[in-house]
Each structure stands twice: as structure tokens, then as C-alpha cells.
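K.L.:
Those protein sequence lines, which keep their order, are chains W and Z. Okay, so the first sequence: first residue is 50 according to my numbering, each after it adds one. Okay, so the second sequence: first residue is 50 according to my numbering, each after it adds one.
Hints are computed from structural coordinates only; laboratory data are not their basis. One or more hints might be untrue.
No copy labels: a pair is met if it fits in one copy or bridges any two.
Computed list of lysine-lysine pairs in DSBU-like fashion (alpha-carbon distance at most 35 angstroms, straight line) [stated by the list, open to error]:
#	residue 1	residue 2
1	K157	K202
2	K188	K85
3	K304	K140
4	K188	K279
5	K183	K85
6	K86	K246
7	K236	K188
8	K296	K246
9	K279	K296
10	K188	K86
Number of protein chains: 2
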Amino acid sequence: MAYAHKLIGTHSIKLRDFDPEYDAGLKREQGEEKLKKLSAELTRLQELLYAAGQHSVLIVLQGRDTSGKDGTIKTVMGPLNSLGCQVASFKVPTAEELAHDFLWRIHKQTPGKGEITIFNRSHYEDVLVVRVHKFAPDKVWRARYDHINNFEKLLTESNTIVLKFYLHISKEEQEQRLLEREQDATKYWKLSAGDWKERQYWNDYTRAYEDALNQCSAPHAPWFVVPANKKWFRNLAVAEAVVAAMKPYEKQWMKRLEEVGLKSKAEIEAFRAKP
Amino acid sequence: MAYAHKLIGTHSIKLRDFDPEYDAGLKREQGEEKLKKLSAELTRLQELLYAAGQHSVLIVLQGRDTSGKDGTIKTVMGPLNSLGCQVASFKVPTAEELAHDFLWRIHKQTPGKGEITIFNRSHYEDVLVVRVHKFAPDKVWRARYDHINNFEKLLTESNTIVLKFYLHISKEEQEQRLLEREQDATKYWKLSAGDWKERQYWNDYTRAYEDALNQCSAPHAPWFVVPANKKWFRNLAVAEAVVAAMKPYEKQWMKRLEEVGLKSKAEIEAFRAKP
Chain W
50 MAYAHKLIGT HSIKLRDFDP EYDAGLKREQ GEEKLKKLSA ELTRLQELLY AAGQHSVLIV
110 LQGRDTSGKD GTIKTVMGPL NSLGCQVASF KVPTAEELAH DFLWRIHKQT PGKGEITIFN
170 RSHYEDVLVV RVHKFAPDKV WRARYDHINN FEKLLTESNT IVLKFYLHIS KEEQEQRLLE
230 REQDATKYWK LSAGDWKERQ YWNDYTRAYE DALNQCSAPH APWFVVPANK KWFRNLAVAE
290 AVVAAMKPYE KQWMKRLEEV GLKSKAEIEA FRAKP
Chain Z
50 MAYAHKLIGT HSIKLRDFDP EYDAGLKREQ GEEKLKKLSA ELTRLQELLY AAGQHSVLIV
110 LQGRDTSGKD GTIKTVMGPL NSLGCQVASF KVPTAEELAH DFLWRIHKQT PGKGEITIFN
170 RSHYEDVLVV RVHKFAPDKV WRARYDHINN FEKLLTESNT IVLKFYLHIS KEEQEQRLLE
230 REQDATKYWK LSAGDWKERQ YWNDYTRAYE DALNQCSAPH APWFVVPANK KWFRNLAVAE
290 AVVAAMKPYE KQWMKRLEEV GLKSKAEIEA FRAKP
């Protein structure tokens, strides 16, 4: 069963309809046990993906400050083989990036066949922070939903499995986490002066996220609303969705490996290195 | 007046309707005189484009073997300041390029604001040579016209002036030029064994070019059919079209320079270097 809510068409969802505390009635220990199994499964699927070299996986992580993007990467993606798995973080654009269309810096970082790439923030910032802070005129960011849909269609038609996660926390939970960051010397470096300021735009971000989720969901590039107040459940929900998306290709990838007669890891390596 | 035939909407042109020998009734000396003036104009417009930093120019050169892509770059673009003008040549894709969607390597090379980029071959190869030689299934290359149109729309909405030139030579002219390359030691290096072979696919390429021109012409990203049997006229026609496309922005760029109070080249340089 799925733990995150999957959006695959044009919707008119409201974020308030999703409970950030949701945990499917699981206890933390149960959730962690399930995650362990999913992790092993994911590691196996990554190896197959890599060796078969027929598909790519693009995982987009979005969410408000403190929603747990870094934590998700560390826990869910951490165990993966970094040969064939990379994280691309999109911060404030550089001058060179701003001199190009908004997808220029994004497209460069998309995964090649056999690879998994995790976007820590993404092209969606260009309809989120840009909209909320009016960094571009309405006309410009409004046109971007179409550009994003076209871009993701291009990727999926080239065999990229595109999965987008909105890590859904409550306003109270964010306050809690920001206070923790202030008080915990080991977390203080994660707190920037801007975080409390951004919080003032909570409702604007809500509207911006709702539009992005509603306008850019497709069967080939779904959004997942991930209940993220409980970190263990957030990790479980993301891992479950990634495994569920890759699993249907398992047989095809196995078959591919059999076709080319690969047996050992070393053979797989040598095979992948071929042009 | 325009020397190349501009296509700005969905058409059903046939290449046989365009005379590759066309020269607008000009004599070679007249044409060369005109080109000299256009070159000076283009150099001036480039300087403004660069200093204003508001637009980019993308020039796509396509044509059969020997149609004069290299010659056009040398003669028409050669005089431009290479600070702010680069050529991107797209050869047989590398393994890394093939592991991504067909626009991945193309998008990376698009010009930033203030810059001119010339594509020596381009994303159109993915609906030309790929189609003719069946490097991809029908379904795959047919879907690419839409992807190309979406991509060029993205670029033009980010203030890129997109101009695409098909250098139109006759089959007889190509034969002549291939023979010349065989006999001229200084040109022999330009001849590859594949050139005579590709010639066998003349009609297939004609159909592929006709579809690309007919399906991917738009007011914001026009194709130009350039009569190219006469090299001097080909150069003239391309230069004329580029100047005509940039000229309408002249006042806006001048105004921008006045706004920021730029006077000398040094000031312009310093201005451009700012983030």
C-alpha cells in the first residue's frame, strides 16, 4: 500500500486536506522495520537499473524550510551506491544561470541511463520562491507550468522515471524545528536568517505549491504529497514510492542482463563502461 | 529586401520549388559589396547586443554535406568579436550524450544573454540523419518535432532570437564540390568516405528536411531556405537575415546603454562582468 498521496492528473487539491501527521496507523518501530526492507529492495533495484542501462530515475525533492529534504536524502538515498547516484542541489542561481532560460541549469543535471539523480530543490523553485517574492512578472512564471510539463515529457519519453515529492509539514512543526535549530549547536549551521523571514510567506507558499502540484502532475511524472511531520514516516513514504515506481521494470532489466549474459559485478561494470 | 525565403508557420513547402542558383539578379561584385556593409552592421549590432545583455542570438546552420556550413561561419560570423560569440558543432553523439534525451547536449550550448551562438548542425540532426538511417524507431523521431518546438519556445520566451538556416544546394552542385575536394589537396581533409555514401540518400534527406522545415517553423523561430549554389550569395542571404532579425532591437539596446550611462568599451566590459 502507498503511504504518500500520488497525484497523476490535473487536480485542484488543497494542502489543508492532507494531514502532515498521518502515519497509516503504524508505530515508529514498525515503520523503521519496513524501511529497512525497502532499503534493501531499493539497493537491489538500483543495481539492476545501473547494469541494464535502459532507464534513468529522477527524484525531485521539494518542501518548505525544515521539511526534511536533506534528511530524506541521507536516510533513503544514503545507502545507494554513489556510483550511479548523485544529488544535484539548486541554490540561488548564479549570474551565468540567470543569463539562460530557467531550465538550462536543470537539464544539464538530469540522469543518464542507468543513473539515479536526486534534485534537492529543482526547477519548481521557479514557480515557488520566484512567484512568492515576485522575482519575475506574473506572465513569466505562469508560462513555466507548460514549459515544465513539456520538459518532463521529454525526459520520460527518453526512459526517465520522474518522481516528485512534496514534503508536507505543518506550520507548528516548522516552528518547532526552527527553534531546535537555534538551540542545538550541532544543527545551528542549518539555520539561516532567512528561515524565520520565509515563514511569514507561509500562505503564499501554500498557494504556489498547490498550483505547482495541480498543474504539473501527470501519470508519467507524478507528484507525491508526503506526510512529513514524523521523520520516520516521511522516509518510509518516499522509499515506498520509489520502490513501487522501479519495481515494474525489474523483469525487463533482469532479462536485459540475461540477454547480454552478465553474471558477476565485474562483468556488469565492464559492460557499463562500454560506449 | 530579403534574399532567403523565410518560413514562419506550418507549411507544406517542397524543396524543389526553391532554386538553389537564385541570386536576386545580383552580380558577384555587387553581392560582395553588400555583404561588406552588412558585416559592418552586424559587428555593430553584436556590440550592442553584448553590452545591453538583454537578448541572446542562436543561429542554427543545417544543410547537406558540402552545402557550406563551415564557409558561412568563416565568412559571415568570422568578423564578429569572439568574446560573446561561439560556435557549437554537433558531431556523432558520445556515449554520455546518447544516455540522455536528444536535447540534453543541445540545451547546454545555448547562448547566455548578450551572446551569439552558432550551431554547426544541431538538434535537427535527430530528425534528419536519425530518420534517414533509422537510428531510432519512427515513433521516437516523430515525437521530436513537438519537443523541438517546445524547446525553441522556451528559448525565445527567455529572449533568445532563434534563426535557422537551411543551406540549399542542388545535387549537381554537391557532386561538383565533392569532386573538387577529391582533387584539391588543401580541401581533401574535408572529404570523408561517408560523403559519397550519404549522397545515395539524397531523396530521403529531401523528405526529412521538408518535414523539419514545415513542422518546426514559427514566427519566433523561423527557418530560412538559403539559395546556396553560389557561395557569395549564400553568405549575403544569411548575413542579411541575421541583421534584419537583430535590427529591430537596436533602439532598445541603445536605450539600455544610456540608462546605465555607459560610454566607453571599457565601461561596457566592466558592466557586463557584474553579476
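K.L.:
If a hint holds in the structure, say so; if it does not, say that too.
P.N.:
For each hint, the structure was consulted:
Taking CA atoms no more than 35 angstroms apart as the test, K157 paired with K202 passes in both settings, with 16 angstroms inside one copy and 18 angstroms between copies. Taking the shortest alpha-carbon separations for K188 and K85, neither the intra-copy value of 46 angstroms nor the inter-copy value of 41 angstroms comes in at or below 35 angstroms. In this homomeric assembly, K304 and K140 come within 35 angstroms of each other (Cα to Cα) only across copies, at 33 angstroms, whereas the closest approach inside a single copy is 40 angstroms. For the homomeric pair K188 and K279, neither the shortest alpha-carbon distance inside one copy (38 angstroms) nor that between copies (45 angstroms) is at most 35 angstroms.
In the homo-oligomer, the alpha carbons of K183 and K85 never lie at most 35 angstroms apart, since the shortest distance is 43 angstroms inside one protomer and 46 angstroms across protomers. When the C-alpha separation of K86 and K246 is checked against a cutoff of 35 angstroms, the pair qualifies neither within a copy, at 40 angstroms, nor between copies, at 56 angstroms. For a Cα distance limit of 35 angstroms, the shortest separation of K236 from K188 qualifies neither inside one copy, at 39 angstroms, nor across copies, at 52 angstroms. Taking the shortest Cα distances, K296 and K246 never come within 35 angstroms of each other, neither inside one copy (42 angstroms) nor across copies (45 angstroms).
In this homomeric assembly, K279 and K296 come within 35 angstroms of each other (Cα to Cα) only inside a single copy, at 26 angstroms, whereas the closest approach across copies is 59 angstroms. Taking identical chains as interchangeable, the C-alpha atoms of K188 and K86 are never at most 35 angstroms apart, the minima being 47 angstroms within one chain and 39 angstroms between chains.
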